[in-house]
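Visitor: In order, the protein sequence lines correspond to chains A and R. 2 is the number of the first residue of the first sequence in my numbering; add one for each residue after it. 3 is the number of the first residue of the second sequence in my numbering; add one for each residue after it.
Some clues are possibly wrong.
Said to hold, decoys possible - Each computed DSBU-like pair below joins lysine-lysine, with the alpha-carbon atoms no more than 35 angstroms apart:
#, chain 1, residue 1, chain 2, residue 2
1, R, Lys389, R, Lys198
2, R, Lys378, A, Lys321
3, A, Lys369, R, Lys185
4, R, Lys359, A, Lys409
5, R, Lys359, A, Lys414
6, A, Lys369, A, Lys314
7, A, Lys205, A, Lys195
8, R, Lys359, A, Lys369
9, A, Lys321, R, Lys198
10, A, Lys269, A, Lys314
11, A, Lys269, A, Lys467
12, R, Lys376, A, Lys409
13, R, Lys378, A, Lys195
14, A, Lys467, A, Lys409
15, A, Lys321, A, Lys195
16, A, Lys472, A, Lys369
17, R, Lys378, A, Lys369
18, A, Lys409, R, Lys216
19, R, Lys376, A, Lys369
20, R, Lys376, A, Lys321
21, A, Lys79, R, Lys359
22, R, Lys254, A, Lys409
23, R, Lys198, R, Lys6
24, A, Lys232, A, Lys275
25, R, Lys378, A, Lys409
26, A, Lys369, A, Lys414
27, A, Lys467, R, Lys359
28, R, Lys198, A, Lys79
29, R, Lys378, A, Lys467
No lab work stands behind these hints, which were simulated from the structure alone.
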Amino acid sequence: MTKKPTSKNKNYAKIVNSGSGAIAAHGSVAAGASGIAVGGNVKGNIVMGGVNISGSNISVRGDMVGRDKIYQPSNAIKTYEEDLSLSRSSKDQTGEIKALTNLGNAHYILGDLHRAVEFHEQALSIARNIGNKDSENIALGNLGLAYSLIDPHRAIELYTQRLMVSHKLENKMAERDALESLGLAYIRLGDARKAADFFEEALKISRGNGDRLREGSALGNLGGTYVELGKLDQAIDLYNQSLSIARETGDRLGESQRLSNLGSTYAKLGEIRKAIEQFEQALAIAQEVGDRLGESTYINHLASAYLLLNDIKKAVELYKEGLTIARDVGDFLSVSNHSFSLGLIFIDQGRWYDALHLFEECLEIRRKDDDLNVRADAIYQIAYVHHLLRNLEKARTYYWDAKRLYEKTDNPKGIAACNLSLGRLMIRMGFVDDAIQELTVAGEIYRRLDDQSRINTTDEMMRLAKGIKEKQLA
Amino acid sequence: MSRKSDQVWDELELTYSRWGLNEIPFSESVTTFSEAQLREVFTGREDQLRQVLNLFRGRERKRVLIYGGVGIGKTALMLEVLSVLKRKLQDTLTAYISLPANTDLATAAIVALARELKDDEWAQHQLNLMGLHPQTRPVEKSAMAKAGLGGTGIETEEKTVPVNKPEIPALSFEDLLNRALQKYARVVIAIDDLDKQDPARARELLRDAQGMLKGRAWFILTGHPSGLTRDILTRDLGLFDLALELTQLDQKTTNEMLINYLNSARPEHSRRLLDDPLAVRPFTPETARMLCERSEGIPRWLNRLGSYVLIKASELHTDTITPEILQAGFEYADQQLRGQTGLTPEDYYVLDLVLEKGVLSEAQISLADLDRVKAKEFNEILPILDKLVDLDLIRRLPSERAMEYEPSPLILRKLSDADDQPSE
Numbered sequence: 002m003t004k005k006p007t008s009k010n011k012n013y014a015k016i017v018n019s020g021s022g023a024i025a026a027h028g029s030v031a032a033g034a035s036g037i038a039v040g041g042n043v044k045g046n047i048v049m050g051g052v053n054i055s056g057s058n059i060s061v062r063g064d065m066v067g068r069d070k071i072y073q074p075s076n077a078i079k080t081y082e083e084d085l086s087l088s089r090s091s092k093d094q095t096g097e098i099k100a101l102t103n104l105g106n107a108h109y110i111l112g113d114l115h116r117a118v119e120f121h122e123q124a125l126s127i128a129r130n131i132g133n134k135d136s137e138n139i140a141l142g143n144l145g146l147a148y149s150l151i152d153p154h155r156a157i158e159l160y161t162q163r164l165m166v167s168h169k170l171e172n173k174m175a176e177r178d179a180l181e182s183l184g185l186a187y188i189r190l191g192d193a194r195k196a197a198d199f200f201e202e203a204l205k206i207s208r209g210n211g212d213r214l215r216e217g218s219a220l221g222n223l224g225g226t227y228v229e230l231g232k233l234d235q236a237i238d239l240y241n242q243s244l245s246i247a248r249e250t251g252d253r254l255g256e257s258q259r260l261s262n263l264g265s266t267y268a269k270l271g272e273i274r275k276a277i278e279q280f281e282q283a284l285a286i287a288q289e290v291g292d293r294l295g296e297s298t299y300i301n302h303l304a305s306a307y308l309l310l311n312d313i314k315k316a317v318e319l320y321k322e323g324l325t326i327a328r329d330v331g332d333f334l335s336v337s338n339h340s341f342s343l344g345l346i347f348i349d350q351g352r353w354y355d356a357l358h359l360f361e362e363c364l365e366i367r368r369k370d371d372d373l374n375v376r377a378d379a380i381y382q383i384a385y386v387h388h389l390l391r392n393l394e395k396a397r398t399y400y401w402d403a404k405r406l407y408e409k410t411d412n413p414k415g416i417a418a419c420n421l422s423l424g425r426l427m428i429r430m431g432f433v434d435d436a437i438q439e440l441t442v443a444g445e446i447y448r449r450l451d452d453q454s455r456i457n458t459t460d461e462m463m464r465l466a467k468g469i470k471e472k473q474l475a
Numbered sequence: 003m004s005r006k007s008d009q010v011w012d013e014l015e016l017t018y019s020r021w022g023l024n025e026i027p028f029s030e031s032v033t034t035f036s037e038a039q040l041r042e043v044f045t046g047r048e049d050q051l052r053q054v055l056n057l058f059r060g061r062e063r064k065r066v067l068i069y070g071g072v073g074i075g076k077t078a079l080m081l082e083v084l085s086v087l088k089r090k091l092q093d094t095l096t097a098y099i100s101l102p103a104n105t106d107l108a109t110a111a112i113v114a115l116a117r118e119l120k121d122d123e124w125a126q127h128q129l130n131l132m133g134l135h136p137q138t139r140p141v142e143k144s145a146m147a148k149a150g151l152g153g154t155g156i157e158t159e160e161k162t163v164p165v166n167k168p169e170i171p172a173l174s175f176e177d178l179l180n181r182a183l184q185k186y187a188r189v190v191i192a193i194d195d196l197d198k199q200d201p202a203r204a205r206e207l208l209r210d211a212q213g214m215l216k217g218r219a220w221f222i223l224t225g226h227p228s229g230l231t232r233d234i235l236t237r238d239l240g241l242f243d244l245a246l247e248l249t250q251l252d253q254k255t256t257n258e259m260l261i262n263y264l265n266s267a268r269p270e271h272s273r274r275l276l277d278d279p280l281a282v283r284p285f286t287p288e289t290a291r292m293l294c295e296r297s298e299g300i301p302r303w304l305n306r307l308g309s310y311v312l313i314k315a316s317e318l319h320t321d322t323i324t325p326e327i328l329q330a331g332f333e334y335a336d337q338q339l340r341g342q343t344g345l346t347p348e349d350y351y352v353l354d355l356v357l358e359k360g361v362l363s364e365a366q367i368s369l370a371d372l373d374r375v376k377a378k379e380f381n382e383i384l385p386i387l388d389k390l391v392d393l394d395l396i397r398r399l400p401s402e403r404a405m406e407y408e409p410s411p412l413i414l415r416k417l418s419d420a421d422d423q424p425s426e
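Pulled out of the complex, with its shape left as it was, chain R reads as follows (with noise of 0.2 angstroms):
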């Protein structure tokens, strides 16, 4: 059995070194890359970038706001923007969160900057006291007299200090703030993820941070793709110095970024410029057109997509990703998709409704569909909504005049009627 296991493992490899690679180079989220790799695979958004770096060009400091669609590269652009700042800005402390549930924005800058504060004894407080790991063990050093014979007669005892949870966040990151500004220059705070809340959540959750965004650290925050909602923070609120819109890439910089991450994957040696028709290998020029072409121009498409095809064509061991290849490709992904872990019979009804509708409209849905998925409100299905689009099985569409959903093109349609009638 063993020997078996060796020998499917012994084909994987042979598969991959043909095609020259010594991994699948996609990920979901790329958040799981470290610095070096995310450097290899980020392309594009020059403009962005530049933008962007060239706020920290001046002296006074800016909040910026990176709005864009589920797996469109918002938190790319993020860490991207930081990676370049840690390396080029000596006197600047970069933090970065995902925003976790139920958490105010003050709270998840003070996580954010506390872990970047290592040898800071109260940032470590703050964190122990939140039940997160502490770099260091809080502890307070008391005098004590040591009996015995030799000794300095003075020697501290450690002991762990209470600490109550900060009762005003913003205050608390206030003096954190200023603890780390003795240090440095400058202290950016990106909080990702923004955007997985609700809108409404969201605003709530800038107006009561306002304060400490208004205050001495740098922001970069997440926000939702609604021109509408974005126009509102920036407008009424004042929040932002900069909104940018990330919008899905052009065909050429889809196919770039195939390529990078296709040789971010290849030994060093064999990384290919990207003119060579041979660097999408394994696959051909023209069925890495067909890939990006169904990616949409959105990086975590052409991320899962390229996963499920490189893992079926290695289950048929094929040396060439051909046209035929790549559908078997696609639809393996649309099984992947649908099967899913964590769908619950309630998804599943709703994702029926979409692709049975085709267009799912808040202003078009009657109570009939609605008791079809054993609701009676549009709001009631939101949340199973967002989850399908978070799953790439649905995905919104861009209209402001109404909320609206339709399959995502990484899903296979069902049949069509002209497919269901009997042959004559």
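The shape of chain A in the complex, shown without the other chains (with noise of 0.2 angstroms):
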């Protein structure tokens, strides 16, 4: 069954087919202790493990932050355009510096990032003229951080700056961050051969230094990266010290981040039992410190591992739980990767209905979000199930929108997945000349892809397109 494009952004968890697929890498790449995991999930970047989004130390007032509360950037919001103002009239630079800066944090974490942007860049442009390297290598952090889900190219660039800067100033601590920042967003890109180096540099620093907490970051950050290189024993090694060392600091947070990442890369080795056994021990300790983002995580992932071992049944309620419990704690993201996921068991098992109104309830979320790849997968799975109820025309809108997001992405396999689907819905509703062109481009495109399968599907649908054809014309 053709049922999804698979977004290149891999931060969602989701399965990719069921019985065959892997487990998702949401968190998979993350840092331990240094809060930063491989983009797309913009609020656990900014909430995990308490420490501020840039790793440096920006002072952010409220109520801010650490996985075990819910940080009200909108109530916050407010209280920094007043810092900001009193700043602007009394002239105080590095006070206004302070405030744009906690501005930019709190858009980025209501998802807002061209407003985010808008204030590190004149916090960057303000510390640039006074002067402050400090401040000028904080804001390069902030910006690039921003910058990491609308543009990677310039998110290096400004990293690439705070490396040099930081350099200058031989501040190692910050030298660290930007090289770690520059292997997630090199991630990102896909070049996971250039993330590790970033990474073995960053891991250099933090063992120079003594830093355990952020060695054991860097370990897990390289071991991701390791996974994305298909080299999963290697990345197995390094989850596993980078475990050691959460267990030797007390860090649990990083403890359950770790064990998680354990699961997900032993469930790409297709050892679902011992996944299942890394993801509970996760949950127990998300459970046990109050960490509901974490344990909402881990259920997901918990899910998809029954799902891997084909016990719907417990998939299913697993992914039900999940959802109420991110529901509860409105993390928007979680309900958004569990109502997908439990969406697509729905399809599976003909509760067609019941599917569309959790993938409505996906697309609500992702509509907020910049990521256009994860908000068209959303959209296409509606296509896909009005396709199903036959609600042909509400079908090929949804069609054209996925169509043109992963355009706009440029996203071929979605782009392809689209064609196909619009080709299969023209012959059904009798406009046959319109279904043999999309099928023609997606046949192009299976083949650049090299994707067989996808490739015969599309042929065979072709042939009867063409066979329809040549009936209307006799």
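Dock chain one against chain two, each of which comes alone in its own frame, and use the hints as you go.
Guide: Right, dumping it as structure tokens:
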């Protein structure tokens, strides 16, 4: 069954194909105490480990952060705006930078990346004007982070500038942060090899400083790059080292994250039972320390693992439990992930209306995110369910929407899936010429991707379309 | 000041009396008409009426779907059928409801039927517990001993009965229907405006109501114009015995409709026959024809334009609607339609986009176009497009190949590029 195009962004937990797919990498490349995960998970990046976004000593006021607390950025924004106004009227440029930074971070957490960029740009500009290198350093890190989801190449430029500024200042901590950020940005661009180089450098600095916490997080990140490179055994070794450090330093959150990373890697190796053991341990820690966001994430991983074991009942139970927790704590990203995964199961079970409602919930959340690829995934699934329900007009409109977004994000798999589905749909609606046009494009893309299974499906549909056309002409 | 107001009123009175009209007869919705008014203005659709009414000559209960574009006259036909049945079949109970938002069909059917069963206590309870105004106050009679002298010894005390909201509306409807069928041979439920729902939602509602629809009541529903959606409904779900498509009226019938509307506002003695050139007064035969042409055989457009043109003509104190006055009326209609209350800035952005594009298609729209209206998906602007269609600012083209919209003919296009060029 052509069920879905897979998004290039792997931060969202999803089942690629029930029975054969891997458990996704939500947080699998996540740094431990550094609090930085591989893009995508905007809220997760900020709140993890209680460390500031840039990894530097930015003073962030209010009720931020810590995974066990829910930050209320919208409430904080008012205070920061007052701070900004006060510092401007008193010509306090350092205060102005601080307020702008806080405003940028708050907007980042809210997912309004363009506003975040605006504030951080202003902070950077003032820092440069007054020649405050430390503030410049921090602003470069924050700006890079805000850009990482909009324009990874621009993010890399900014992180590189930060690396140079830190080096000049001989600020080893900031240098290490910049190296880690660069590693994460290259992961986002799909260049795991380059990412590994940066993480190795970051690891050296942490080891040199005797900073065990950051050493653990660097090992975790490095493990993530080895997962990306397909070197799963080495990844497991790195994760285990990282896990030992977390246990040694009493970093319970880091411990749970690494257990989860280990679980995901075992799942990739097909060792599902072992993966489940790790996820269960991670879940137990999350429950013990009251980490509700972690709890919701690990339940999602467990559900995906049970799905791979074909224990649908257990998977559905877990997804529902995860969904309840995620809704309860207002973790919208997890709500979106859980509802997406559960929706896919409901499709398989023929519970199409239930699936539709879940995907619609998922889309509502993803519309607030700047990641058009995952948004397109939700739209595609809505189209697919409408297609199954024979709401053909609805299906067509959603396929078009998904296709436009996949084109924008340059996702050939997504584009081809839309073309193929539109082809199938247009045959059903009686517009054979349109169908042939869509199938031709789908076929070309699948040939470029060398996806034999989908080439076969497309060819089969094309034969059908041409057969109908011949009959019409006869 | 008050004298001036009276003077204005008197001037209007004079204008309308010179036109031979008591009032402006046009209305955007036939649901505001009384049965008698509807009978006067209902025009054409004889074939469709014959097909529906013929079903009522049979014993077996039927389900009818009336479908067509916005303003084409679905509600009018539905109400006309009910009106005929009410007059001609004493043993038939008819009930009409416009489907409220977020309501399933069974609940809507309960409300419609309960409103007609005014003497049925249980029916009134149903309305009461839904927060709707019952025809009679729901009460329970309990016996209590009466103290004192000279009484009968027993009297009843009335108190409001707590009734739980029906958990399964379809079963509650069945109970209500059984009660109705004890008094009537036939029950006809007309549920209007199903076509105002999203087509996918409408299908879900129909699927959920299959049991009820296949039960012992007759049903008349309105549907979407898409033939495809209708085919699926009739073929896959087997829900409807008759699916009637309403299309645009021809010019002759539109002209007849105009005369019927005008006659409905004339004193009894001054009503005109269809072939009388004065029947279209204050229009001339030429401007009547122009009005009908511009209405494109869509009754609601005839009503909207007719109304705006008469208002403008009365402002200009004209005796006769000449082509110039008609044009002024069309311009006035354009201004009024664009200035309708409830339009948000987002609505105007989308309207501008449709006006600029000429035809806005789901397949052709670009992300840059969508960005202009602060959206990333065509689906996000669909509710706005529906709203603009409902307000007669744009219309949906009949293509089933893609969703396509263009400005409604009631809207005057922007000046063409040629008009914008500086003159030499």
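Visitor: If you check each hint against the structure, which ones fail?
Guide: 3, 11, 15, 16, 18, 21, 22, 23, 28
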